[in-house]
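Asks: This is what each chain is made of:
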Amino acid sequence: MARTRYASDPGLTARMGVTMFLLGAVLTGFVIALYFVLFAYADRHGGGSGGSDGLVIISVLIGLAIAVGGYWFSDKIALSTARAQVVTPQQAPQLHQIIDRICALADMPKPRVAISPMGVPNAFATGRSSKVAVVCVTQGLLQRLDAKELEGVLAHELSHVAHKDVAVMTIASFLGIIAALLVRMGFYHDLFGGGGRRGGHNNNGGGYTALIMLAVMAVGIVTYAISFLLIRALSRYRELSADRSGALLTGQPSALASALVKVTGDMARIPTRDLRQAEPLNAFYFTPALSTKGSVHNLFSTHPSLDKRLAQLEKISRQLGSSAG
Amino acid sequence: MGFLDALLGRTKPVQPKLDNLFGLPSAAVTLQVATDFRATGTGSVCFRAAEGKAFSDIEHDVRDLLNMGQNKTPVDVSEDSYGFTWLVCHHSPDDVEGLVTDLHAVNSSLQDGGFGPQLLCTIVSFRDGGGRRLGLVYLYKRGTFYPFAPQQGERRDNATELQIRGTLGEDLKIEPDLSRWFPVWGAPGL
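As given, the protein sequences belong to chains Y and G, one line each in that order. With the numbering used here applied, the first sequence covers 138 to 462. With the numbering used here applied, the second sequence covers 3 to 192.
Next up, chain Y with everything else stripped away, as it sits in the complex (with noise of 0.2 Å):
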């Protein structure tokens, strides 16, 4: 058996563990609490909640066209809002060796490559598999890199490809999706829908409605706030390793960090609109485009802290130089 310097971070493997197992663990207990809300209603006014269980059902449905529709289309989507164009190897040979490379030295298909016009220095990876992924990087990110910060980024891009973290981040977000929309339509229903049908079934039926609109609503809440955390730090934790594949793979993590230290340095001074523009892309961007200081905002991004991601590669580095392997 050949010699390796790979090591694996088994304490970033178990915290991404413990994240996911948690995210179903909530599943669970949402499905759980759903199940009692609305059958215990149902037993004791013998079937009917008020039609709670349709709304929890057309929920699940719109949630799972959602999901289903985002990871299908991911693709499509990021590179509409990003208004990138796939391009051949002769429009953008240098960019594609570069890529010819780094998917040689993976062992891994080459997926397609696009680049957008936005001046926002930034790269994502997108695309339900391996077949069908893009990759796509700014014109702001040609301009600003060399060669071998570009290649760190593209291996950050590719390791996300890799790790299928389109479908990991799809089926990781499926819980939020279904508890937000659970909320919403159970405030619609309560605006608009449900003060119409409440007096048909029974007298008392009006109060218990409500009150299980009501709790349904509350499950979906705190669900949501839970699942939110939850997914916000699987995705911090999936950009980790992402950053250390990239830089395993090319054996240059101070390259990775210097485009990093660029990139994020750049950010501060973007003008607004493009920043807004920017926006709604950002779980698949290689460092997000608005940043705030403090520790509220690192439980909320989806980014780790440009001090986290250094530091890593900067272990990296020393691994990778010392003598002993």
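Calculated from the structure, these hints are not laboratory results. Each hint should be verified, as a subset may be incorrect.
[Unchecked claim] For each label pair, taking beta carbons as the anchor points, the in silico distance ranges come out as:
| # | chain 1 | residue 1 | chain 2 | residue 2 | range |
| --- | --- | --- | --- | --- | --- |
| 1 | Y | L279 | G | D96 | 42 to 50 Å |
| 2 | Y | S266 | G | N160 | 21 to 29 Å |
| 3 | G | G188 | Y | F365 | 46 to 54 Å |
| 4 | G | S181 | Y | Y172 | 48 to 56 Å |
| 5 | Y | L201 | G | G145 | 23 to 31 Å |
| 6 | Y | A202 | G | S28 | 54 to 62 Å |
| 7 | Y | F176 | G | L6 | 18 to 26 Å |
| 8 | G | G188 | Y | L279 | 18 to 26 Å |
| 9 | G | S181 | Y | L279 | 29 to 37 Å |
Heads up, the beta-carbon is just placed ideally off N, CA and C, and yes, glycines get one too.
For chain Y, the structure is supplied; the task is to place chain G on it using the hints.
Replies: Quick look at chain G alone, frame taken from chain Y:
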């Protein structure tokens, strides 16, 4: 990569496959018999240098090893615009076996140092009577070869490449996925 590795976001660097490289000498004979292409005696190893002293030590050792060998192979070292390092070995045109031995020495030195995943490809160059160039590119991670026939102005001669694929099908493991036949423009020694 397994399901669990994807789920937990771990990618292990791919180790290179070195052994298939030894099919080259017989492939060179086949090319000589079936086509006009002759080996030029030049071959190169391309790898992505890792940062840090560990890698540069190994790189120096490899150069010393090749320069001090019994037949004193001249070795050129260059870095291309993508940051990849090329070690080019020159042998006499009829000594493909010696060339492959030298290339293998480079590979195994890197692999023994733990830097096997940094190996990108090896190219052994051929030329025909009319001066057309042909490189047999060995992809370390796949353990497969593909022909690369560059022409003027970053175009490649696909007809020749496909013809060579047919010719060498029995001698070498040819990369079946055409999308992985990536061009290596301006490869040193080609």
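Asks: Now look at each hint and say whether the structure bears it out.
Replies: Verification of the hints:
1. Y/L279 with G/D96: 42 to 50 Å: Once the Cβ atoms are compared, 46 Å apart, the range 42 to 50 Å for G/D96 and Y/L279 holds.
2. Y/S266 with G/N160: 21 to 29 Å: Cβ of Y/S266 to Cβ of G/N160: about 28 Å, so the range 21 to 29 Å holds.
3. G/G188 with Y/F365: 46 to 54 Å: The hinted range 46 to 54 Å holds for G/G188 and Y/F365, with Cβ atoms some 50 Å apart.
4. G/S181 with Y/Y172: 48 to 56 Å: holds, 49 Å
5. Y/L201 with G/G145: 23 to 31 Å: Violated, at about 43 Å.
6. Y/A202 with G/S28: 54 to 62 Å: With a Cβ separation near 58 Å, Y/A202 and G/S28 satisfy 54 to 62 Å, so the hint holds.
7. Y/F176 with G/L6: 18 to 26 Å: violated, 36 Å
8. G/G188 with Y/L279: 18 to 26 Å: Holds - the Cβ-Cβ distance for G/G188 and Y/L279, about 21 Å, lies within 18 to 26 Å.
9. G/S181 with Y/L279: 29 to 37 Å: About 23 Å separates the Cβ atoms of G/S181 and Y/L279, which means 29 to 37 Å is violated.
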